[in-house]
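Q: Chain residues, written in single-letter form:
Number of protein chains: 2
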Amino acid sequence: MERIKLFFDCDTGIDDALALGYLLAGKEKVDLVGIGSVCGNIDAASGARNSLDLLNLAGFTFTPVAEGERDYSHAAYHCVSQHIHGQNGIGDIRLTPAPRAIESQTAAEMLISLARQYPGELHVLATGPLTNIAKALQLAPELPELIARLTIMGGAALVPGNRTPVAEANIAGDPQAAAAVFRAFNNIVMVPLDVTLSHKLTEEHRLQLLNSGKPFAHALGAMLEIYIDFYEKTYGTRACAIHDPAAAYFAIEGLNHCLAPKVKVVVDDTQGPGRGQTICDMRGMYKGYPVQQDANCQVVLKTDIDLASVLMDKLMTL
Amino acid sequence: MERIKLFFDCDTGIDDALALGYLLAGKEKVDLVGIGSVCGNIDAASGARNSLDLLNLAGFTFTPVAEGERDYSHAAYHCVSQHIHGQNGIGDIRLTPAPRAIESQTAAEMLISLARQYPGELHVLATGPLTNIAKALQLAPELPELIARLTIMGGAALVPGNRTPVAEANIAGDPQAAAAVFRAFNNIVMVPLDVTLSHKLTEEHRLQLLNSGKPFAHALGAMLEIYIDFYEKTYGTRACAIHDPAAAYFAIEGLNHCLAPKVKVVVDDTQGPGRGQTICDMRGMYKGYPVQQDANCQVVLKTDIDLASVLMDKLMTL
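Protein sequences appear in the order of chains P and F. 1102 is the number of the first residue of the first sequence in this note's numbering; add one for each residue after it. 1102 is the number of the first residue of the second sequence in this note's numbering; add one for each residue after it.
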């Protein structure tokens, strides 16, 4: 089987680190051809460093990392996630600095050059705000035709948001960028809170990682402490959501064993109370989601897969 | 047990007619002190006539009916529901004109005078756009303190809308009015599509009504034909939603046997893609909906009650 060529755009971030671990552990299926950073969980420069240092920790010293947009498309970046991801984005653990340098091109430029290098083959996984993808679209409007599929962790379809009552944090970070992306692409897979908040890593999982004796897994176990501290307020138990690794899973494994109707999705980029909402046309739900002519996005609503087990199996190998 | 004093604000409307039947059949519990009409399913003048003629058909010749707002608070009325409710709002069946006249006061004026007549006692059930309620609020800003409870059929919390992907038709009809009502009242019960679309009257129920030998029930059975024609497109089977009668049920019986968290609800009255959405803060769903300080509305998400059976039992007596 040929490996999937993947560009990973992320804001690393504790759950981005989990997703990265999942991708690295699946190297027989994934050819990680590049990583971009974007402002979101952490500033773009720190996110790029985090990715590079995590790659180094796992022994992947040849994967190029590009720094992406430092500000959102229509607003200056301001970090609001310290209580979730720590001051440095990865739960304030210290990693050995990687010897490799950050690339000189931007994340958007790297994405475009990879898309042109592998036309129709490149998969894109975006687990942060969609600022880099929107920027790349501006620079290369033909991008949607060059990309095999764009998988996004973000949005909420039939469950509440996590930044506002209706907006999920990645989309809420840069609603204008997200709106532009959903207008331009028709081959999107959206992995929203509907599925990511219904799958959890528990404190037990965290301790398994921490005590695994494996360097990458140990680092994940250490950084998950603050993340679980935060999610305990959501769930009332010591566990955290599986956001970004869920998106990584579906990007690689596809959508078997999922309820994932293809529907029209638009993003609310007004200044109103719905700002940042992914408005998904789910009106067909009462009769099995008939085909929508203008559908642009497969929305993963639920899955039979035990994402926590699948993820743990992979991470414990690192 | 004392009967509930109820003002019923509606846009009659096939399911408004069902709700009216439910209220009339429950006269041992409900003192229907007045009915207002509002533009929505049909124009306000026709809606008032429909209510009056239906009352007459059921032998209720003393219930006053007031005509309400002919236009929405910020837009001219234009009927878009002929394919759902027929040209005359009640499935194009003909009723004997009631001898009683429409009141000279408006629906908003009637609501205010009833609220002052029964301070703290009056229950309001609104099954159309909230134009009259917003108008009454303008005329009497103390209205929320005078009203025991405002029960609304409208909105959508964790399911799609029916007018747009996120907006339900009553709220979408006059988002500005709805926004004003949700800002001013903190004793709202909202009966949204979450519950009303998950309860159905079937073609079998319709035939029971049609063949009941009872005049009001027969009329309902006749008018339900076009309504079921419409809802067949939603469900894929010959059945229709139980919108307005569900709200009537909860207005009278209260919220036992319901999942109905009290949360903050705001209405999107922007011109954006979320216009008309009831934005319900359901973020507490993962740990049993903890108390929200600024909550203004109990949102009925689901119920164990078999609403179709309860409704049929009542309607078959008329």
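Hints were generated in silico from the structure; no laboratory data involved. Keep in mind that this is a model prediction, so the values were computed, not measured. Just to be clear, a hint being listed does not mean it is correct.
Identical copies go unnamed one by one, so any copy, or any two together, can satisfy a pair.
[Stated by the list, open to error] Calculated lysine-lysine pairs in the BS3-like style (CA-CA distance at most 25 Å, straight line):
1) Lys1415 to Lys1403
2) Lys1334 to Lys1363
3) Lys1388 to Lys1403
4) Lys1315 to Lys1301
5) Lys1334 to Lys1388
6) Lys1301 to Lys1388
Q: Would you mind marking each hint as holding or not holding in the structure?
A: Results for each hint:
1. Lys1415 to Lys1403: Classified as within: same-chain Cα gap 21 Å, cross-chain 39 Å, threshold 25 Å.
2. Lys1334 to Lys1363: between (33 Å within a copy, 19 Å between copies)
3. Lys1388 to Lys1403: This pair counts as both: shortest intra-copy Cα distance 17 Å, inter-copy 19 Å.
4. Lys1315 to Lys1301: within (22 Å within a copy, 56 Å between copies)
5. Lys1334 to Lys1388: Between copies only: 9 Å across, 36 Å inside.
6. Lys1301 to Lys1388: between (30 Å within a copy, 14 Å between copies)
Hint compliance for this structure: no hint is broken.
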